[in-house]
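With the hints as extra help, turn the sequences into a complete structure.
Residue numbers (my numbering), protein chains in the order written: chain D, 80 to 357; chain S, 80 to 357; chain L, 80 to 357; chain B, 80 to 357; chain V, 6 to 74; chain C, 6 to 74; chain Z, 6 to 74; chain W, 6 to 74.
Hint data in this document are derived by calculation from the structure and do not stem from the laboratory.
There could be a bad hint or two in this list.
As the list claims (entries may be wrong) - Chain D is nowhere near these chain S residues, computed Cβ spacing over 12 Å in every case:
hint	residue
1	E115
2	E233
3	A238
4	K263
5	R265
6	D281
Stated by the list, open to error - From the structure, some residues in chain B lie toward chain V, with a derived Cβ separation under 7 Å:
hint	residue
7	L147
8	A213
9	G215
Note that beta-carbon positions come from the ideal geometry of N, C-alpha and C, so glycine has one too.
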Amino acid sequence: MTTTTLQEDRDDPLVIAGRTFRSRLIVGTGKYRDNETMVRAIEASGAEMVTVAVRRVDLDRTKEEGILYHLDPERVFILPNTAGCYTAEEAVRYARLARAAGLNDWVKLEVIGDQRTLLPDVAATLEAARILVAEGFKVLAYTNEDVVTALRLEDAGCAAVMPLASPIGSGLGLVNPYYIREIKRRLSVPVIVDAGVGTASDACITMEQGVDGVLMNTAIAEARDPVAMARAMRHAVVAGRLAYLAGRMPRREVAVPSSPLEGMLDAAPAGGGAGRSA
Amino acid sequence: MTTTTLQEDRDDPLVIAGRTFRSRLIVGTGKYRDNETMVRAIEASGAEMVTVAVRRVDLDRTKEEGILYHLDPERVFILPNTAGCYTAEEAVRYARLARAAGLNDWVKLEVIGDQRTLLPDVAATLEAARILVAEGFKVLAYTNEDVVTALRLEDAGCAAVMPLASPIGSGLGLVNPYYIREIKRRLSVPVIVDAGVGTASDACITMEQGVDGVLMNTAIAEARDPVAMARAMRHAVVAGRLAYLAGRMPRREVAVPSSPLEGMLDAAPAGGGAGRSA
Amino acid sequence: MTTTTLQEDRDDPLVIAGRTFRSRLIVGTGKYRDNETMVRAIEASGAEMVTVAVRRVDLDRTKEEGILYHLDPERVFILPNTAGCYTAEEAVRYARLARAAGLNDWVKLEVIGDQRTLLPDVAATLEAARILVAEGFKVLAYTNEDVVTALRLEDAGCAAVMPLASPIGSGLGLVNPYYIREIKRRLSVPVIVDAGVGTASDACITMEQGVDGVLMNTAIAEARDPVAMARAMRHAVVAGRLAYLAGRMPRREVAVPSSPLEGMLDAAPAGGGAGRSA
Amino acid sequence: MTTTTLQEDRDDPLVIAGRTFRSRLIVGTGKYRDNETMVRAIEASGAEMVTVAVRRVDLDRTKEEGILYHLDPERVFILPNTAGCYTAEEAVRYARLARAAGLNDWVKLEVIGDQRTLLPDVAATLEAARILVAEGFKVLAYTNEDVVTALRLEDAGCAAVMPLASPIGSGLGLVNPYYIREIKRRLSVPVIVDAGVGTASDACITMEQGVDGVLMNTAIAEARDPVAMARAMRHAVVAGRLAYLAGRMPRREVAVPSSPLEGMLDAAPAGGGAGRSA
Amino acid sequence: MDNIEITLNGEPRRVARGLTVAELLAELGLNPGLVVVEHNREILERARLAETPIAAGDVLELVHFVGGG
Amino acid sequence: MDNIEITLNGEPRRVARGLTVAELLAELGLNPGLVVVEHNREILERARLAETPIAAGDVLELVHFVGGG
Amino acid sequence: MDNIEITLNGEPRRVARGLTVAELLAELGLNPGLVVVEHNREILERARLAETPIAAGDVLELVHFVGGG
Amino acid sequence: MDNIEITLNGEPRRVARGLTVAELLAELGLNPGLVVVEHNREILERARLAETPIAAGDVLELVHFVGGG
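What follows is the structure, encoded as structure tokens:
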């Protein structure tokens, strides 16, 4: 069996709010058929940061216990989100509750503006970001592909800006590479593409745009084999990152041989030419 | 630094003409700026088979010596090609010379039909394949995306059929995934996509179609950093293969949340609603 | 020579703010090499509404005179824009000046948020829209592909919402059909796709999404032959609209013959089969 | 209602085998729900040439009578096809029967190589083309996207070469524009793209590649409203042709304003700046 | 009366001995101008329909144009 | 015995008068280290769980982390 | 003669004291029907062009429609 | 001395009469294990290099593997 390293170390590490991550893949913990699959998929993904949601304790115990029964915050960094919030006030409330859990003061800020597309309310996101940054939170802000909004989120003090590739859970992949490249070109804080990745090549293409990382959940959780897809994503993110750093060949519409033209033998004497048939 | 295995072993190995390969990536040896880069790139790619061309010895010693001064046939399997041949007769001649080198009786059969696109002459390729198979060669046949031709090459006894993703050296990637999927669906022998890959995501997408392997040269040799791109390609091929095996999530045009809808807190009392601004 | 009607009349007309247009193509008047070409291109486009900008009179008379020396407001409806404005206040000022010209009280509202991409400042656009609607303007608002913003512009009383296909003057075409379809699905006011169209097929694809119209300038003005491209766009918009109304066939990955399978002759007696060669 | 000419006359007409056509759209007559719809769709398409198949007369009269009861060969040129033939011999037989009908000596040569994809058997097509050309037929040969085969069909004396956009009846549109452009660039005889078009934009994009015409059947016959789609296709083909002749603007990843930068008013005195909100 | 068997469009069929192809078409109510006849794998020109008798065992194909792509 | 009504995670619930939040958590079998308590819309620090009595009409939210994306 | 300085389309300019805006337009050869005047940041209706004198320090913007997208 | 002319890799070349192919390779400093010899369009097995004399007018091709895709 062949062994190698994922060589993430050949690259500068990803640094967000002063914290270093060797893996550029961040994964969610939702929608798994069972916790054991989730744990194995996270392990296979190589992710060092996972997102979690803040919800009421189920007092009837019919539903599963809290996620921290399954994840060790010492081994994987916990990034609480404000998923499901539709106002700045609501998102701020969830962020404060998350911080009160005592793990860290990071938050993946999500303020949804539309139920059908789950696209963000950018004005409310900006408002919540300002409040939370003022309260000392490390804000990683989910946003759309708009560079104007992305720049304002950076100005507001966000630790990272997280534009989507396509709507949450859609699996449509990177629909607008121009906008994502532009956001990366213009911002100084890390750009993490969040949501929309459907399969490994989507993650690879996304990283080839030069962004700092990718966050995904459904693509892994809803794959037929989540653990295998998690491993695929790990490789895909590394592949895309390395390809970006390596600098791809130019595209051409004319073919160019890979073998030398010189050094060919003298052609067969006339009269041969089997290949002329057909 | 993080270490892991490339897990090629979790997958069935690639078997061509009874020979087993753990890596599904085959690389060319042409167009490198120097031999040392070529050797390091092949190493980084993890490829177990490399293609070489048959050319006249340069008697003036102005050009580099033979490739076997740099590659050890014990460590990497040598696949001679018939690149540059325009007739079946010529290709057969080059194949016989290659076999006379004594390494093996394999040949990557290429019969070019057009200088500008380097697209194959399918009739001449078929004719040469029949002659070489009859002489006991293991024929891996370069061809276009036509499933009719691919089926005939299989019928002719080819050990593998190698349709292109796009023209040799173009870097346009997988232009016609339908045809490639169809060829894979219809053939029993291994299908290796040969030529056209430009960057890591191209290799990943190609493998996601379910083909058995990918062969490339220019994408690595002409990258700004060939060794890094070779590593990227290694990961991309594994990622694409694993994603194919894992089974991707469905695409949807409606978003689906990753965090649970139930368990949300009671909304703020009316009058709040900061998020309503904008 | 063959003559026909463009059949725009078979379709419901486009109605914006109570005004009826038979053509669903709106064109700009900027960037033409000369006024005569502009006038002929507008004529060829069949457009019934054109956009104009508000700028200082050139007191040195070095530059061309006002556009109204070339366009007859009786024959083509003049839609003044606020192009070049970066704040709500500025845009409101330009809109008021435009209305003072006495032609109409319509305005194509543009509030730019970024100089490099010319993407809108959606918050400022929304603010300006509210002010102008309150002052009785018919506001046609240029915006990005965000459905949340589009819905708010509709709520603000805009007469039409004009999301972009891709950045102004880029010619990249319709990058995100999902978002455009979603905006059309969700809004009640007309949706006009504004900016980004590069050639006829871009306009055709855009109309096939079901939107109410397309606005373009650069694609015509910067074509090698602007008059021919204007004519092409006229046909492309009609073609896309009719195709949307006609309802396209399903896509299939398996072929389906167009000629009947029954009624074939009895095959040739065995031994024939010329086609079996190769 | 607005009237105009389709301006096909501004362009050189399409000339095949010395015969002139003003419309660059050729349509099939199969798969219509009824003959009346077929006749109206052909009328709406503006096509001057239609394809028909050769089949046994139905002696039980249960099925419809021959197509010539519905089409007047004086008004629309009849192009018989060899659809359904799998060998050169069979195709030659059908072509001869078609010519014996006494209308003309043209044939749309189709020799299918695979039932699932309906892709051509290029070797058999070439063989049949040579036989038919020798017998004085005007051969319009259906083929795949392979330029090598296309060049040989031209060498064999075909009056036109008809590569597919995608498989017959698939509606996948123009999958490989590079190959189609290359075929057009290299051949002297007319290149008609045959099969695969699914909606108007597909026809428009195809014509924008510079080919001489498009042939379709399913896209019209299987549209929800075949007559409206036929009209859409007529406009789409004209639009694509005109756009090709007009020469499109360049694509850019940076925006370029359509309105002049000079002549802006002096900005508001500091303190204003409504647009600075958000 | 006296019949012979032929193969007509792939089906066995009995027709009157001595019948010409033109007569057969008339019997079938087919317009000779819109049908092409293949007689024992040879195309039969219209001009010769009336003078061509049908013999026992003959294979006749009557074809025409139908809708196709 | 003497009960009061509160709202717990959105549901009305009767608890013993004078019960502290810490005691409530114990009663519910919840690990205070894995739960965050919002008491009348104010977050209640863990240090103060034991010293905080529950009054009639109090609104308590007990939350924790669950799987999410 | 007696001049005052104003700002016209962003440039300093001297005009005769007592000149009306209508007279200025005439002097500049501009068609009042095709120009819009902003006078000290207020839009000046055409009807009032003739009755509006220009004062020292006034800021005038004369705008019209030009080609734009 | 006594020379003959042959064609070696497409170029005319004079070599000593009676020279064997093996001797020619040695003279050229080529490793026989890494070169394949085509002698008058026939492949010459390595085993026969030493026993094969070169005659006037012979056409020899000496090939090996080079980098290719």
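Assertion that E233/S lies farther than 12 Å from chain D (Cβ): holds, 19 Å
Evaluation of the interface hint that places A213/B against chain V, nearest CB under 7 Å: At about 17 Å, which exceeds the 7 Å cut-off, the nearest Cβ of chain V leaves the hint on A213/B violated.
Could you check if G215/B really has its C-beta closer than 7 Å to a C-beta on chain V? violated, 15 Å
Non-interface label on D281/S, tested against every C-beta of chain D at 12 Å: violated, 9 Å
Under the criterion of a CB-CB separation shorter than 7 Å, is L147/B in contact with chain V as hinted? It holds, given that the least Cβ distance between L147/B and chain V is near 6 Å, below 7 Å.
Evaluate the condition: distance from the CB of A238/S to the nearest CB of chain D exceeds 12 Å. A238/S clear of chain D: closest Cβ-Cβ about 21 Å, beyond 12 Å.
Distal placement of E115/S relative to chain D, Cβ over 12 Å: holds, 17 Å
Exclusion check [K263/S not at the chain D interface, CB over 12 Å]: At about 16 Å from chain D, K263/S clears the 12 Å cut-off, so the statement holds.
For R265/S, is the shortest beta carbon distance to chain D beyond 12 Å? Per Cβ check, R265/S is outside 12 Å of chain D; nearest 22 Å; holds.
Hints 6, 8 and 9 from the earlier list are contradicted by this structure; the remaining hints agree with it.
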